[in-house]
Amino acid sequence: MKFSQEFEQRFADMLTHYPTKRSALVPTLLYAQDEAGALTDEVIVELAQRLDLTELEVRNVISYYSMLTTKPRGKYNVQVCTNIACMLRGGEELLNHCQKKLGIGHKGTTQDGLFSLEEVECIGACSWAPAVQVNYDFHENLTVDKMDQVLDEYKKKGTM
Amino acid sequence: MASLVSHPDEVRVISKRFGQGATDIDRYLQLDGYKAVQKALSMQPDAIINEVKNSGLRGRGGAGFSTGMKWSFVPKQSAKPKYVLCNGDESEPGTCKDRLIFEHDPHSVIEGVMIAAIAVQSHTGYIYIRGEYRYLSVIMQKAIKDAYAKGFLGKNIFGSGYDLDIYWHGGAGAYEVGEESALMESLEGKRGVPRIRPPFPAVVGLWGGPTVINNAETLAAVPHIILGGAEWYAGLGTPKNGGTRLFCLSGNLNKPGVYELPMGYNLKKMIYEVGGGIPNGRGLKAVVPGGSSTPVLLPEEIDIPMDFDSVGKAGSMLGSGGVVVLDDTTCIVNFALRTIKFYQHESCGWCIPCREGTDWLKKTLTRFHAGAGLKKDIDNIYYLSENMLGKTFCPLGDAAAMPTMAFVKKFRKEFEDHLDGKPCPFEKAADRIPAMA
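If you're matching them up, the sequences are chains W and V in order. So the first sequence is numbered by numbering that gives the first Met the number 0: it starts at 0 and just counts up by one. So the second sequence is numbered by numbering that gives the first Met the number 0: it starts at 0 and just counts up by one.
Among the hints, a few may not be true.
Stated by the list, open to error - Keeping only pairs whose Cα atoms sit at most 20 Å apart, straight-line, the calculated DMTMM-like set for lysine to aspartate or glutamate is: (1) V:Lys189 x W:Asp51; (2) V:Lys144 x W:Asp12; (3) V:Lys144 x W:Glu7; (4) V:Lys154 x W:Glu118; (5) V:Lys141 x W:Glu118; (6) V:Lys340 x W:Asp33; (7) V:Lys312 x V:Asp327; (8) W:Lys106 x W:Glu5; (9) W:Lys70 x W:Glu118; (10) V:Lys144 x W:Glu118; (11) V:Lys52 x V:Asp327; (12) W:Lys20 x V:Glu187; (13) V:Lys361 x W:Glu118; (14) V:Lys408 x V:Asp397; (15) V:Lys362 x V:Asp376; (16) V:Lys362 x W:Glu118; (17) V:Lys141 x W:Asp136; (18) V:Lys144 x V:Asp25.
Stated by the list, open to error - Computed from the model, here is a short list of chain W residues facing chain V with C-beta under 10 Å: (19) Phe6; (20) Arg9; (21) Ala11; (22) Leu29; (23) Ile43; (24) Val60; (25) Ser65; (26) Asn82; (27) Leu113; (28) Cys125.
In case anyone wonders, no lab produced these hints; they're calculated from the structure. All figures in this text were calculated on a predicted structure; none of them were measured in a lab. Glycine included, each C-beta is placed from N, C-alpha and C at the ideal position.
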């Protein structure tokens with residue numbers, strides 16, 4: 000299992016931050032997922048070994064956190080918030096629109112692997128609702144038209 | 000990047016450096032940065048705690064507990080290391096304030112953690128930021144690195160002989176981890192399942208050591224209190240509710256945004272003047288005053304000062320400062336359903352009343368809103384909620400129950416309007432996406 004130099008540097012640093020190795024697990028899982036695309040069996044075995052844990056212990060943690068996944072998502076994971084503040088300003092309409100436009104449902108991935116879609120809980124953009132996160136990037140004060148522009152830009156970027 | 004707003008009634012303490020480029024450590028130093036911690040190093044630890052106690056600062060995460068009091072519970076002598084843990088797992092629906100602090104003034108959080116550490120004589124602090132806030136974690140990692148490079152962190156800080164390390168930490172998507180005991184579990188690399196108390200974290204916390212856990216906004220206020228003095232800070236707010244607060248205005252408003260207002264600012268004024276009132280000539284239906292877990296207020300209940308005690312007296316809670324405004328086209332049953340869907344999704348399943356309660360509430364409300372509701376469901380929804388109250392390790396069960404009970408109690412008529420196969424009276428009411436200015 001090969002991770003980037005940056006990952007290895009961060010991981011080595013983190014191990015010096017805590018009295019127990021295990022404490023590095025949650026952030027490390029997320030960074031590993033970002034590089035590998037998903038927490039595959041291979042990634043799980045690797046991290047379990049590095050942190051002196053059993054695979055089961057690692058899987059047990061993965062299943063708790065909603066950002067962690069063992070199945071690959073699209074290159075661009077479109078996360079539409081429909082929680083109360085976004086709901087009041089059209090979050091559900093945005094989700095419906097994305098479903099139609101991308102032709103996929105909640106946790107679905109387009110055939111070309113470019114987009115996946117998720118209905119998510121509050122992402123901390125309530126005062127700029129409705130909001131969407133594509134991977135880690137926030138897109139706020141959206142309308143259906145602006146959402147189209149956002150998706151088109153990612154499509155262009157992804158197929159270049 | 001979240002956009003900033005302003006209003007003449009704002010009193011800028013925590014947001015003083017927003018938009019000033021204070022993520023840069025040299026700029027932060029120009030703006031009085033790291034002066035408070037140097038002052039704290041020259042004070043007796045008890046004097047720091049007393050200053051914070053006298054300032055009337057209360058936990059900005061939602062519970063509103065006296066910060067100075069919390070610090071005073073940490074034992075002076077401890078065989079195990081003591082820790083300070085900053086809670087930046089901001090996830091309460093309606094709340095988006097810590098995000099701005101991390102984005103614009105990360106060093107103020109570091110400085111707050113440092114002062115808290117000196118006050119309880121701890122030598123290690125952690126700043127936990129939710130996984131979704133990756134760009135803020137990047138900002139924080141750099142800020143910490145810069146503070147080390149200047150010698151503000153590490154061995155012998157500011158030549159005082161005091162050693163202090165602060166580290167960042169990241170989550171991976173979990174509301175419940177915002178609860179203090181679950182936060183510690185998560186930092187220890189486990190599922191965020193809450194711990195039973197007592198013992199409280201101040202006595203047995205991270206890896207068994209005494210631990211102070213404060214919200215990011217609470218800690219960001221601390222340097223200002225040390226520099227400006229307890230009396231000044233307390234005077235900004237109302238009795239026993241010191242200072243200012245970042246109020247996150249959201250929902251059906253003309254000018255939503257995060258505004259820093261004095262504690263005790265009138266809620267009605269906040270909605271109609273600061274928030275610019277309700278768009279499209281619509282009326283006000285209800286206000287959720289402090290994040291999704293706080294009981295809803297009716298239009299006739301909002302002429303109140305926004306401080307912990309006054310909102311409590313009005314039957315709700317100031318919570319995390321997330322003010323969500325609902326206009327008169329909102330279906331309360333649907334709103335209650337969306338609220339409970341969230342808690343059902345976030346319940347860790349450890350405590351049966353919460354796991355089963357949120358699930359049954361979601362099932363019942365889903366059926367009810369779809370038009371298959373029975374008259375007895377209304378009382379059942381209330382009864383289910385009531386039976387979750389106070390029966391769980393962490394407050395997630397209460398957070399789901401309290402708003403649901405208020406929806407049923409205050410909007411029973413609207414629940415009844417959904418009965419007998421009648422469609423939701425608000426469905427497709429209008430264009431829900433308002434025109435943006």
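Going through the hints against the structure:
| no. | hint | verdict |
| --- | --- | --- |
| 1 | V:Lys189 x W:Asp51 | holds (14 Å) |
| 2 | V:Lys144 x W:Asp12 | holds (12 Å) |
| 3 | V:Lys144 x W:Glu7 | holds (17 Å) |
| 4 | V:Lys154 x W:Glu118 | violated (46 Å) |
| 5 | V:Lys141 x W:Glu118 | violated (31 Å) |
| 6 | V:Lys340 x W:Asp33 | violated (28 Å) |
| 7 | V:Lys312 x V:Asp327 | violated (25 Å) |
| 8 | W:Lys106 x W:Glu5 | violated (29 Å) |
| 9 | W:Lys70 x W:Glu118 | holds (17 Å) |
| 10 | V:Lys144 x W:Glu118 | violated (35 Å) |
| 11 | V:Lys52 x V:Asp327 | violated (42 Å) |
| 12 | W:Lys20 x V:Glu187 | holds (9 Å) |
| 13 | V:Lys361 x W:Glu118 | holds (17 Å) |
| 14 | V:Lys408 x V:Asp397 | holds (16 Å) |
| 15 | V:Lys362 x V:Asp376 | holds (11 Å) |
| 16 | V:Lys362 x W:Glu118 | holds (18 Å) |
| 17 | V:Lys141 x W:Asp136 | holds (19 Å) |
| 18 | V:Lys144 x V:Asp25 | holds (13 Å) |
| 19 | Phe6 | violated (13 Å) |
| 20 | Arg9 | holds (9 Å) |
| 21 | Ala11 | violated (14 Å) |
| 22 | Leu29 | holds (5 Å) |
| 23 | Ile43 | violated (14 Å) |
| 24 | Val60 | holds (6 Å) |
| 25 | Ser65 | holds (4 Å) |
| 26 | Asn82 | holds (5 Å) |
| 27 | Leu113 | violated (21 Å) |
| 28 | Cys125 | holds (4 Å) |
Hints 4, 5, 6, 7, 8, 10, 11, 19, 21, 23, 27 from the earlier list are contradicted by this structure; the remaining hints agree with it.
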